[in-house]
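**Student:** Here is how the chains run, residue by residue.
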Amino acid sequence: MKILITGISGTLARGVAYRLVRRGHQVVGIDRRPWPDVPEGVEMHQADIRKRPAEDVFRISRPDALVHMATVTHFTTDTEERYRINLGGTRKLFEYCHEYGVKQAVFVGRHTVYGATPDSPLYHTEDEPPLAGAAFKELADLVAADLYAGSALWRWPELNTAVLRLCYFLGPSRGGTLAGFLSKSRVPLVMGFDPVYQLMHEWDAEEAITLAVEKQLRGVFNVAGPAPVPLSTVCEATGKRAIPIPEPLYRAVLGRFGFPYLPDDAIAHVKYPIVIDNKAFVEATGFEPRYSAKQTMEGFRWN
Amino acid sequence: MSFLNDPQVRRNVNRLPIEFDDYGFDRFGLSKKSLVRAYSPMAYLYRRYLKVTAFGLENVPATGRGLVIANHSGGIGADAAMIFTSLLLNDEAPRLGQGMAEYFLTRSPFAGSALRRLGHLTGLPEHGEQLLNDERLVVVFPEGARGAGKLYKDRYKLARFGTGFMRLALKMGTPIIPCAFIGGEESFPQLFHIKWLAKLVNGPFVPVAPQLIFFPLPVACQVYYGPPMHLEGDGSEPDHVIEQYVEELRHAMERLISAGLDARPRSFMFERMPGPDKERTP
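Top line first, the protein sequences correspond to chains B and A.
Every position in the first sequence, counted from 1, becomes a number in this note's numbering once 11 is added.
Every position in the second sequence, counted from 1, becomes a number in this note's numbering once 5 is added.
Simulated from the structure, these hints should not be mistaken for laboratory data.
Bear in mind that the values here come from a model prediction, so they are computed numbers and not experimental data.
It is possible that some hints are incorrect.
[Stated by the list, open to error] Here are a few chain A residues that face chain B, going by a calculated C-beta distance under 8 angstroms:
1. Ser7
2. Phe8
3. Pro22
4. Asp26
5. Arg112
6. Pro114
7. Leu129
8. Glu131
9. His132
10. Pro215
11. Phe220
Glycine included, every Cβ here is placed at the ideal spot set by N, Cα and C.
So that you can see chain B by itself, here it is in the shape it has in the complex:
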């Protein structure tokens, strides 16, 4: 199969590319960022997904499947640009898929789209609406992109679309949202709150995405690995110091005193859990995580 990966220079995407090549697939990649030591079997195009050269890749390479991982978060990109990339880019890619006869599209989204609230059930299922945008404006664009990708299921029924809502991952690349939160030696907790966090090993996340392409998944799926652990345990196991901070002071310390920076609305994600039920994904793909939460966290600590 010929598989196009957008955002291929990202840490997770590179891993997916390696896996697909190893299994005998042809991989084509698009990213604005370079991938200097691109491995054999990967055809790399340095381009913007919203611009003409990206369309040329579809027209000339004629991929069978798309893995869309070119989404950005508030950690790197400002609001306007985020909407352009996450929504505008996603729209363009799905249109190209339709136009150039792509059979399978996998949108790799995030489990944070469900939002963290005290009154929602612990295990979110795929039929729940993603509510994160209401309380966390920096996630609104990703929620919209997630829903837009899902709408391809009725817009272009001949295109097999899978929307993956991936939980946090940790791994040797030290990339990803949770790794960013744990990047400094101190981790700010909100005093009196210790939500459970669901995390999986980076390699298991890569494997899950690879499986979604190979099994030609259709629909919306939560992707998670082992059972969640409390945030204080995550800090302890990864060798960080969890420092409980009274809620009124929380915003003031972010980005200072050796704490990581977070947007204001992110505080809900440090107070309340977002945990997803991965039953549907496991049933559809037979996915089995290889690494336990303990192995994942301790691996992150020591590499």
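Fit chain A to the given chain B structure using the hints.
**Tutor:** Frame of chain B, contents of chain A only:
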């Protein structure tokens, strides 16, 4: 120190039919360590202070899903705490009762995460389903805050029941174990409620009892578990069928309560009632 690390509690926590991970947490964030720490002082209260006697524990399934439906008795949660403790201290087959907590509590700092570590999740129907699906024992007080805030003059009168738990039980094919708690109303006789304070803290009610503090009097309490009820259905029945089932359960609980009240020599009893081995089961 046995007050915070009770040997019986520790032993029974280790025997619970629940899967814990490398760190001693289950998939809902329940913590083994917190269980021992919280239930140890509860066990002390259970044995020495409220002198609880539990009857009919053989009616509680040793493993697998179950719904314990109990009356509220005393407004500060001592009833719930003692019911949970009686389930854990049952050496034949220790179970962890998992409650459906008031939203007011689970969103508050400290209380929310403490409740979660002890296995009590926000009172949402989804949580009930998730717990029963995982073969847990869920404890429900269908009177809700209406029952917890009962004044002393209304003692042991069951308030209106919700019906959500019945549909949940039918949908999940779960046996219902009726349960009666006796003695809570005397240990914390609610004289009146301070309405403005309740509004101020955004809570359901703030009760006032003669002891003036939020702690029960040392009145001996009893817990009665009735035979499990296996009801027919799948939870999609029309309201009148569900209401009939609820009524049936309500009668079972009323029978347990009145038998429990009759078994006491007097209402303000300060010595322990002899256990079920002395033929006092109603």
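**Student:** Confirm or reject each hint.
**Tutor:** Hints, verified against the model:
1. Taken as an interface hint, Ser7 (chain A) does not check out: its beta carbon lies about 27 angstroms from the nearest beta carbon of chain B, beyond 8 angstroms.
2. The beta carbon of Phe8 (chain A) comes no nearer than 24 angstroms to any beta carbon in chain B, farther than 8 angstroms, and the hint placing it at the interface is violated.
3. For Pro22 (chain A), the suggested interface contact is broken, since its CB lies about 16 angstroms from the closest CB of chain B, more than 8 angstroms.
4. A hinted interface residue such as Asp26 (chain A) counts as satisfied when its beta carbon comes closer than 8 angstroms to some beta carbon of chain B; here the least separation is about 6 angstroms, so the hint holds.
5. A least Cβ separation of about 4 angstroms between Arg112 (chain A) and chain B falls short of the 8 angstroms threshold, and the interface hint therefore holds.
6. Checking Pro114 (chain A) against chain B: minimum C-beta separation of about 3 angstroms stays under 8 angstroms; hint holds.
7. The beta carbon of Leu129 (chain A) is positioned within 8 angstroms of a beta carbon in chain B (closest approach about 5 angstroms), and the interface hint is therefore held.
8. Restraint check, Glu131 (chain A) versus chain B: the minimum CB separation of about 3 angstroms is within 8 angstroms; hint holds.
9. Contact between His132 (chain A) and chain B, as hinted, is supported at the beta carbon level, the nearest pair being about 6 angstroms apart and thus within 8 angstroms.
10. For Pro215 (chain A), the interface hint is violated, since its Cβ never comes within 8 angstroms of a Cβ in chain B; the closest pair sits about 32 angstroms apart.
11. Restraint check, Phe220 (chain A) versus chain B: the minimum CB separation of about 23 angstroms is more than 8 angstroms; hint violated.
Consistency note: the structure conflicts with the earlier hints numbered 1, 2, 3, 10 and 11.
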